[in-house]
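Between the sequences and the hints, there should be enough to build the whole structure, so can you do that?
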Amino acid sequence: MPALEDLYREIVLDHYRNPRNRGELPCPPAKRAKGFNPLCGDEVIVFVEVDEGGRISDVRIDGQGCSISQAAASMMSVSVKGKTLSEARELERAFKTMMVIEGGGSPSSPADLGDLAALQGVKKFPVRIKCATLCWNTLSEGLTTE
Amino acid sequence: MELNLKLNLDASTLKADFPLLGREVNGKPIVYLDSAATSQKPQSVLDAMDDYYRSINANVHRGAYYIADLATTAMEETRSKVQRFIGAASPREIILTKNATEAINLVAHSWGREYLSEGDVIVTTIMEHHANIVPWHILCADRGTRLRWLNLNVNGNLKLDDLDETLDGARLVVLSAMSNVLGAIPPIRQIADAAHEKGAVVVLDGAQFVPHLPTDVAELGADFLAFSGHKMCGPTGIGVLWGREDLLEAMPPFLGGGEMILDVTTEGFLPNDLPWKFEAGTPPIAEAIGLGAAVDYLADIGMPAIREHDRKLTAYALRTLPGRFGDKLNIHGPADTSERGGVLSFTFGDIHAHDISQVLDGEAVCVRAGHHCAKPLMDTLGVTATARASVYLYNDESDIDALADALERVGDFFG
Ligand SMILES: Cc1ncc(COP(=O)(O)O)c(C=O)c1O
Chain G
265 MPALEDLYRE
275 IVLDHYRNPR
285 NRGELPCPPA
295 KRAKGFNPLC
305 GDEVIVFVEV
315 DEGGRISDVR
325 IDGQGCSISQ
335 AAASMMSVSV
345 KGKTLSEARE
355 LERAFKTMMV
365 IEGGGSPSSP
375 ADLGDLAALQ
385 GVKKFPVRIK
395 CATLCWNTLS
405 EGLTTE
Chain B
406 MELNLKLNLD
416 ASTLKADFPL
426 LGREVNGKPI
436 VYLDSAATSQ
446 KPQSVLDAMD
456 DYYRSINANV
466 HRGAYYIADL
476 ATTAMEETRS
486 KVQRFIGAAS
496 PREIILTKNA
506 TEAINLVAHS
516 WGREYLSEGD
526 VIVTTIMEHH
536 ANIVPWHILC
546 ADRGTRLRWL
556 NLNVNGNLKL
566 DDLDETLDGA
576 RLVVLSAMSN
586 VLGAIPPIRQ
596 IADAAHEKGA
606 VVVLDGAQFV
616 PHLPTDVAEL
626 GADFLAFSGH
636 KMCGPTGIGV
646 LWGREDLLEA
656 MPPFLGGGEM
666 ILDVTTEGFL
676 PNDLPWKFEA
686 GTPPIAEAIG
696 LGAAVDYLAD
706 IGMPAIREHD
716 RKLTAYALRT
726 LPGRFGDKLN
736 IHGPADTSER
746 GGVLSFTFGD
756 IHAHDISQVL
766 DGEAVCVRAG
776 HHCAKPLMDT
786 LGVTATARAS
796 VYLYNDESDI
806 DALADALERV
816 GDFFG
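Line order of the protein sequences matches chains G and B. Under the working numbering, the first residue of the first sequence is numbered 265, with each subsequent residue one higher. Under the working numbering, the first residue of the second sequence is numbered 406, with each subsequent residue one higher.
For the record, the hints were derived by calculation from the structure and aren't laboratory data. A hint or two may mislead.
[To be verified] Straight-line C-alpha distance at most 27 Å; calculated DSS-like pairs for lysine-lysine:
{"#": "1", "chain 1": "G", "residue 1": "LYS360", "chain 2": "G", "residue 2": "LYS394"}
{"#": "2", "chain 1": "G", "residue 1": "LYS298", "chain 2": "B", "residue 2": "LYS780"}
{"#": "3", "chain 1": "B", "residue 1": "LYS433", "chain 2": "G", "residue 2": "LYS387"}
{"#": "4", "chain 1": "G", "residue 1": "LYS394", "chain 2": "B", "residue 2": "LYS780"}
{"#": "5", "chain 1": "G", "residue 1": "LYS360", "chain 2": "G", "residue 2": "LYS387"}
{"#": "6", "chain 1": "G", "residue 1": "LYS295", "chain 2": "G", "residue 2": "LYS388"}
{"#": "7", "chain 1": "G", "residue 1": "LYS345", "chain 2": "G", "residue 2": "LYS360"}
{"#": "8", "chain 1": "B", "residue 1": "LYS603", "chain 2": "B", "residue 2": "LYS564"}
{"#": "9", "chain 1": "B", "residue 1": "LYS503", "chain 2": "B", "residue 2": "LYS780"}
{"#": "10", "chain 1": "B", "residue 1": "LYS564", "chain 2": "B", "residue 2": "LYS780"}
{"#": "11", "chain 1": "B", "residue 1": "LYS433", "chain 2": "G", "residue 2": "LYS388"}
{"#": "12", "chain 1": "G", "residue 1": "LYS347", "chain 2": "G", "residue 2": "LYS394"}
[As the list claims (entries may be wrong)] Non-contacting residues of chain G with respect to chain B, defined by C-beta distances greater than 10 Å in every case (computed):
{"#": "13", "residue": "ALA294"}
{"#": "14", "residue": "LYS298"}
{"#": "15", "residue": "ARG319"}
{"#": "16", "residue": "LYS360"}
{"#": "17", "residue": "ARG392"}
[As the list claims (entries may be wrong)] Chain G stretches covered by chain B per the calculated footprint, using a threshold of three residues with CB under 8 Å from any CB of chain B:
{"#": "18", "region": "271-284"}
{"#": "19", "region": "329-338"}
Computed from a predicted model, the values in this text were never measured in an experiment. Cβ atoms here follow ideal geometry from the backbone N, Cα and C, with glycine treated the same way.
And the structure:
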């Protein structure tokens with residue numbers, strides 16, 4: 265069995281204890297999406313605002329759940345803020361490739377992912393992968409809803 | 406019988422009957438505390454199923470040859486064993502199903518659609534498993550029946566102050582004989598009698614009760630009882646619906662197919678006699694035989710002894726765990742072990758149940774985390790998830806101590 269320290273890395277626990285970009289945004293102009301993991305009751309709510317130039321100008325995270333789901337959402341919020349939509353999609357793809365749920369394309373090195381790479385250990389605990397990817401699916405839903 | 410008078414069992418000796426309990430996880434001996442989800446299986450059950458496949462595998466109720474006879478007899482013996490185990494009047498009242506869920510669905514589909522209509526009231530409780538909620542929601546959507554809910558009291562058991570009013574006009578009362586989250590055992594007889602006074606029929610979900618307490622359907626006073634083999638030392642894929650014969654006799658079939666008919670023509674069919682009327686298709690034969698072996702195993706140890714063992718171990722946990730963790734640990738359900746079983750749902754500080762179970766897993770301690778298929782109850786308790794440790798006849802105080810030690814580790818990560 266892989267070591268728990270691989271799962272609960274210090275950066276991950278820090279994001280869990282001190283979540284970044286926590287809160288809500290007025291909708292509109294922001295969009296809101298709610299993601300739910302029925303298996304464990306994790307709930308992630310993403311507020312996302314995109315400016316006229318197609319850049320994510322602000323993100324806020326709400327919801328509750330296990331340390332991995334909440335830390336992953338916090339880390340995601342930091343990584344996508346200020347990015348263009350296509351950069352954010354690229355990050356999502358790279359993250360999911362790291363989690364081995366999306367194959368194909370060029371294998372991105374964890375280096376491109378910055379802090380997000382700290383979630384790498386999650387893939388050794390297959391039942392927790394959904395906790396780590398929930399926020400990305402929710403963000404993507406928020407970006408595509410009208 | 407002398408065996409049934411035994412009130413003590415030695416869990417550490419019984420452990421040796423369960424091959425899985427000899428394994429290690431992460432280099433540590435496994436501490437299995439998730440029997441409310443499914444129990445481990447003794448060697449005798451594994452052997453019975455293996456013997457069936459190796460020496461008498463044949464379809465039942467069909468072939469007129471030697472091994473087919475043996476297979477049929479072995480399967481039908483299970484029915485009689487279950488009948489005696491729960492004090493049913495006749496083997497005709499024992500319907501073999503896939504699990505408790507299917508047994509409840511059978512009642513909802515067959516009895517429910519035959520006898521209930523628009524506006525009829527079904528009384529249930531807030532502590533039910535989804536298996537005893539969703540079939541009734543489906544019936545309500547289909548027939549326009551309505552659900553009315555019994556709530557919890559401050560002790561974590563059912564609140565019965567307003568029982569009479571709640572039962573007013575009810576046609577059906579469906580409740581769990583033991584909660585899979587709180588461990589709470591409601592006063593079943595009192596509720597069943599009150600329901601009958603109002604002319605309602607009573608369905609008991611015995612998925613947690615039957616594996617852990619002596620069961621006598623006449624004493625319980627219900628009309629139907631559903632339970633699963635896999636929580637009582639038996640295999641998965643086999644469950645039981647007990648029903649009063651007169652009720653079963655009057656009900657239309659559930660699933661259609663082979664086994665459940667006496668005659669089929671181009672015009673229609675004639676249903677089989679009880680209990681086969683409700684057993685369409687080739688049954689889970691090996692599983693049924695495994696269940697028979699499980700019933701033998703439990704009956705041999707004695708259900709009073711198993712109940713007493715569960716109770717003592719629960720009392721030990723309720724005493725020692727709060728002693729060690731104080732207010733940080735919040736165990737749900739009744740404090741009085743006479744009204745609860747060995748299911749201990751808890752929250753630990755503000756640490757999420759999945760993080761708790763993850764760290765416990767690292768210590769080879771198996772507990773369940775989540776909503777336990779009881780979301781309405783979770784809402785009532787004001788939590789989204791709990792961790793749950795549950796005991797059975799093979800657990801002893803050392804398992805509770807291992808749980809406590811592992812909880813210390815949770816504090817190391819998330820303190
Ligand atoms: C109280 C209760 N009812 C019903 C069920 C459903 O049992 P099964 O999934 O075996 O049908 C369970 C098991 O989880 C339970 O604990």
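Hint check results:
no.	hint	verdict
1	G/LYS360 to G/LYS394	10 Å, holds
2	G/LYS298 to B/LYS780	18 Å, holds
3	B/LYS433 to G/LYS387	23 Å, holds
4	G/LYS394 to B/LYS780	20 Å, holds
5	G/LYS360 to G/LYS387	10 Å, holds
6	G/LYS295 to G/LYS388	33 Å, violated
7	G/LYS345 to G/LYS360	18 Å, holds
8	B/LYS603 to B/LYS564	19 Å, holds
9	B/LYS503 to B/LYS780	23 Å, holds
10	B/LYS564 to B/LYS780	19 Å, holds
11	B/LYS433 to G/LYS388	19 Å, holds
12	G/LYS347 to G/LYS394	24 Å, holds
13	ALA294	25 Å, holds
14	LYS298	14 Å, holds
15	ARG319	33 Å, holds
16	LYS360	21 Å, holds
17	ARG392	7 Å, violated
18	271-284	holds (count 3)
19	329-338	holds (count 4)
When the structure is compared with the earlier hints, violations turn up for hints 6 and 17 and for no others.
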